[in-house]
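Residue numbers (our numbering), protein chains in the order written: chain B, 1 to 289; chain H, 290 to 578.
Please keep in mind that the hints were generated in silico from the structure rather than gathered at the bench.
Incorrect hints may have been included.
Covered stretches of chain H (chain B as the covering partner; in silico rule of three or more C-beta atoms under 8 Å from a C-beta of chain B) [said to hold, decoys possible]:
| no. | segment |
| --- | --- |
| 1 | 458-465 |
| 2 | 517-524 |
For lysine-lysine, the following DSSO-like pairs were computed, each having C-alpha atoms within a straight-line distance of at most 30 Å [as the list claims (entries may be wrong)]:
| no. | chain 1 | residue 1 | chain 2 | residue 2 |
| --- | --- | --- | --- | --- |
| 3 | B | Lys100 | H | Lys440 |
| 4 | B | Lys72 | H | Lys356 |
| 5 | H | Lys440 | B | Lys103 |
| 6 | B | Lys72 | H | Lys392 |
Among chain H residues calculated to face chain B with C-beta under 7 Å, some are [said to hold, decoys possible]:
| no. | residue |
| --- | --- |
| 7 | Ser394 |
| 8 | Pro454 |
| 9 | Ala469 |
| 10 | Gly473 |
| 11 | Val477 |
| 12 | Pro484 |
| 13 | Gly492 |
Beta carbons: idealized from backbone N, C-alpha and C, even for Gly.
2 protein chains.
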Amino acid sequence: MPEVRVEEAQRFMEDALRAVGTPDSEARAHAALLLHADLTGHFSHGLNRLVFYINDIKNGATNPTAKPVVLKEAAATAWVDGADALGATVGHFCMDVAIKKAKESGIGFVSAKGCNHFGMAGYWAQIAEQQGLIGLAFTNSSPVMVPTRAKDGVMGTNPIALFAPAANGDSLGVDMASTAVALGKVEVQVHKEEPIPEGWAYGPDGKPTTDAQLALDTAKLMPLGGAEQTSGYKGYALSAAFEVLCSGLSGANSSYQIRSWSMEGASTPPNLGQCFMAINAEKFAQNHT
Amino acid sequence: MPEVRVEEAQRFMEDALRAVGTPDSEARAHAALLLHADLTGHFSHGLNRLVFYINDIKNGATNPTAKPVVLKEAAATAWVDGADALGATVGHFCMDVAIKKAKESGIGFVSAKGCNHFGMAGYWAQIAEQQGLIGLAFTNSSPVMVPTRAKDGVMGTNPIALFAPAANGDSLGVDMASTAVALGKVEVQVHKEEPIPEGWAYGPDGKPTTDAQLALDTAKLMPLGGAEQTSGYKGYALSAAFEVLCSGLSGANSSYQIRSWSMEGASTPPNLGQCFMAINAEKFAQNHT
Numbered sequence: 001m002p003e004v005r006v007e008e009a010q011r012f013m014e015d016a017l018r019a020v021g022t023p024d025s026e027a028r029a030h031a032a033l034l035l036h037a038d039l040t041g042h043f044s045h046g047l048n049r050l051v052f053y054i055n056d057i058k059n060g061a062t063n064p065t066a067k068p069v070v071l072k073e074a075a076a077t078a079w080v081d082g083a084d085a086l087g088a089t090v091g092h093f094c095m096d097v098a099i100k101k102a103k104e105s106g107i108g109f110v111s112a113k114g115c116n117h118f119g120m121a122g123y124w125a126q127i128a129e130q131q132g133l134i135g136l137a138f139t140n141s142s143p144v145m146v147p148t149r150a151k152d153g154v155m156g157t158n159p160i161a162l163f164a165p166a167a168n169g170d171s172l173g174v175d176m177a178s179t180a181v182a183l184g185k186v187e188v189q190v191h192k193e194e195p196i197p198e199g200w201a202y203g204p205d206g207k208p209t210t211d212a213q214l215a216l217d218t219a220k221l222m223p224l225g226g227a228e229q230t231s232g233y234k235g236y237a238l239s240a241a242f243e244v245l246c247s248g249l250s251g252a253n254s255s256y257q258i259r260s261w262s263m264e265g266a267s268t269p270p271n272l273g274q275c276f277m278a279i280n281a282e283k284f285a286q287n288h289t
Numbered sequence: 290m291p292e293v294r295v296e297e298a299q300r301f302m303e304d305a306l307r308a309v310g311t312p313d314s315e316a317r318a319h320a321a322l323l324l325h326a327d328l329t330g331h332f333s334h335g336l337n338r339l340v341f342y343i344n345d346i347k348n349g350a351t352n353p354t355a356k357p358v359v360l361k362e363a364a365a366t367a368w369v370d371g372a373d374a375l376g377a378t379v380g381h382f383c384m385d386v387a388i389k390k391a392k393e394s395g396i397g398f399v400s401a402k403g404c405n406h407f408g409m410a411g412y413w414a415q416i417a418e419q420q421g422l423i424g425l426a427f428t429n430s431s432p433v434m435v436p437t438r439a440k441d442g443v444m445g446t447n448p449i450a451l452f453a454p455a456a457n458g459d460s461l462g463v464d465m466a467s468t469a470v471a472l473g474k475v476e477v478q479v480h481k482e483e484p485i486p487e488g489w490a491y492g493p494d495g496k497p498t499t500d501a502q503l504a505l506d507t508a509k510l511m512p513l514g515g516a517e518q519t520s521g522y523k524g525y526a527l528s529a530a531f532e533v534l535c536s537g538l539s540g541a542n543s544s545y546q547i548r549s550w551s552m553e554g555a556s557t558p559p560n561l562g563q564c565f566m567a568i569n570a571e572k573f574a575q576n577h578t
């Protein structure tokens, strides 16, 4: 295996993003987001996705110079328009708002429309955790999940992330798709030339398959829980519940309205919906005397 | 099948609760909670649980005359001591606080310690939905879930509920345990004298079983997702994430500290942790012009 220095991977990604018109600070932030995924072993959300983001910028789906704006706010909430900016640009903007509100009001919650793919959901939750808060992040995504008793993909993998501070500098982190696996994990099996377990995905005939390439090409994932008798409808329900918070609240595209995301990029902004939440434990039992 | 009028079921439960010292209003509220479960087909959380609550009161684990109190609050949050009151008493108190805060601050979030079993989680989420808000409710529970790669039950079924208003008086409702199934569903299979599907529970030998009575007696449930290769660790992670919000924030008992709940009742209060959240869509895209 060839080795690449961490600094070199960061430099390469920054340069690539700058080459298509991304300002320095935004390129740095987005490269750091992808690098973090690789460094923590989530290769499905790291450097291997760079070409997707680059082509989205080249084709006009992502505006690398756009600035997110708050459309409406209350003491503990904000409705944001991500303005089709890069995922890291919108992620930092929204989580900073959520953290500020949580410090004052106990909890801060932001729902944003006009979003692009924001990489690992856990990255955003962890930013709150690093400031001593509990962080949560959710996003909707392309309709690759086939709901229980359905034939076609209509729900996203809609990941759920929560990071919480723990004793002695430790933390608890959860970052999971509401499908049995994320499509990126199927892709990793393709690259490893290994099959997938039964219970992950359907083939084009609507039956479960163990062929990784066929599963990737078909892009019809099973919800967490798998088949109906093992409660696959709960993974479907999780996806639907967080879809309400991501697109129902923000007015973003939802479920089947969302484009599929490919290496070639797209010209139409995906208008994803994303949520960012921070909870201030000092307003609860923490440090209580 | 003998038929019982709805009013008669409500009357019977109220009288039984009053007979062990529950005030009229609290008996009415708790009976309504259990009746709702039966009326919506969730027989595992209805009248069949009345004897548990009654014996908890008789043995001193539940104080039917106690009043919950707010220990600390901010614009959008409250930390509550449920004071070992009945589930419906604490549920109404906390969700009312969450709704009031959501109307003003966009979101309201309450984490409570000193709680008893509060019946269906969805009942509490739905109270917010009936006022035009998005409602969420979570609770921790007895350690019946065996985490991935573990031998013993240490996490609860920790249910997650979300109810959201929809067009034309419709609503979207999710109410699900983070185990493949709730223990009450295993109990229903016992009463029906039917086996359980593989992927729900372990027998005493630590292997999956399809024997419903054996599964009920062993009380070792699999997380949502089942085995490791079908991502059972995600159900475990969901349970852990919401455990942080229920007990980490409130200072309630957590995971293995929680007593098992039985028909005979207990003398020690369970000190469960429960969360109640309401989100005001008017502070987001709803009715935006």
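Against the structure, the hints:
1. With 3 residues bearing a CB less than 8 Å from a CB of chain B, the segment 458-465 of chain H meets the requirement of three and the coverage assertion stands.
2. Check result for the segment 517-524 of chain H against chain B: holds, 5 residues qualifying (beta carbon to beta carbon below 8 Å, three or more required).
3. Using a Cα cut-off of 30 Å, the hinted pair lysine 100 of chain B and lysine 440 of chain H is violated, with the two alpha carbons roughly 42 Å apart.
4. A threshold of 30 Å between alpha carbons decides the hint, and for lysine 72 of chain B with lysine 356 of chain H the separation of about 37 Å lies outside it, so the pair is violated.
5. Restraint check: the Cα-Cα separation between lysine 440 of chain H and lysine 103 of chain B comes to about 40 Å, which exceeds 30 Å; the hinted pair is violated.
6. Taking the CA atoms of lysine 72 of chain B and lysine 392 of chain H, the gap is about 14 Å. The hint holds against a cut of 30 Å.
7. Using the Cβ-Cβ criterion of 7 Å, the hint placing serine 394 of chain H at the interface with chain B is satisfied: the shortest such distance is roughly 4 Å.
8. Evaluation of the proline 454 of chain H hint against chain B yields a violated restraint, the C-beta minimum of about 9 Å exceeding 7 Å.
9. Taking 7 Å as the C-beta cut-off, the interface hint given for alanine 469 of chain H holds, the closest approach to chain B being about 5 Å.
10. Given the 7 Å rule on beta carbons, the hint for glycine 473 of chain H is violated: about 14 Å separates it from the nearest Cβ of chain B.
11. Taken as an interface hint, valine 477 of chain H does not check out: its beta carbon lies about 14 Å from the nearest beta carbon of chain B, beyond 7 Å.
12. Hint on proline 484 of chain H is violated. Least Cβ distance to chain B is approximately 11 Å, over the 7 Å limit.
13. Contact between glycine 492 of chain H and chain B, as hinted, is not supported at the beta carbon level, the nearest pair being about 17 Å apart and thus beyond 7 Å.
In the structure shown, a violation is registered for the earlier hints numbered 3, 4, 5, 8, 10, 11, 12, 13, in ascending order.
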